[in-house]
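**Student:** Order-wise, the sequence lines are chains S and U. Following our numbering, the numbering of the first sequence begins with 31 at its first residue and continues without gaps. Following our numbering, the numbering of the second sequence begins with 27 at its first residue and continues without gaps.
To be clear, the hints were calculated from the coordinates, so they are not data collected in a lab. Bear in mind the structure is a predicted one, so any value in this text is a computation, not a measurement. Please note that a few of the clues may not be correct.
To be verified - To give an idea of the interface, some chain S residues facing chain U are shown, with a C-beta separation under 10 Å as derived from the structure:
id, residue
1, Pro-73
2, Gly-88
3, Phe-134
4, Gly-135
Backbone N, C-alpha and C define an ideal beta-carbon position, used for all residues, glycine too.
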Amino acid sequence: ETGVTQSPTHLIKTRGQQVTLRCSSQSGHNTVSWYQQALGQGPQFIFQYYREEENGRGNFPPRFSGLQFPNYSSELNVNALELDDSALYLCASSLKTSMETQYFGPGTRLLVL
Amino acid sequence: KNEVEQSPQNLTAQEGEFITINCSYSVGISALHWLQQHPGGGIVSLFMLSSGKKKHGRLIATINIQEKHSSLHITASHPRDSAVYICAVRSNDYKLSFGAGTTVTVRA
């Protein structure tokens, strides 16, 4: 148990719909990173939030957006879903130092039909 | 070409065997992580390395910064070690780049 929780655990959507995934950080952690993991591949960095501001972004289109709240919980929003968005979405929390270990949540498995 | 390459992609061992997983990377890094992912998705951080060697129980991780290479060793492997092992490198303050993972199966 890492203390990081995600909801929902599983989700099925259709193309064109919008989805919101949620992540609660480990207590005391002010940084949340989101990753997309397609089947059989390693995770890909989507973006990171630090103290409610986006702190860095990977190679994902603008329809992937996020929020971080004052309690450091976070949301990942994906608009205009595409079939290729089907993946496991992982969040990880940490304290913002460059050498800090990230603690991963169990993930949300999204299927887009 | 991926910034992080792992080998082998798949590995099957008999219980008790010594297992080695390799990770090579092509960028400058501040730290390297070894992660374990069980079926269902949960990821656990095993090690974070910036130099040398670390040991935790039956797991040993080494890194050679000059050669841009790291290895994860499992001694006296056990079926409960069966999982996907992922190497990830931190190249700046916010981004982790991941390898594709090595699927380890340990048979009793």
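**Student:** I'd like to know which numbered hints this structure contradicts. Please list them from smallest to largest.
**Tutor:** none
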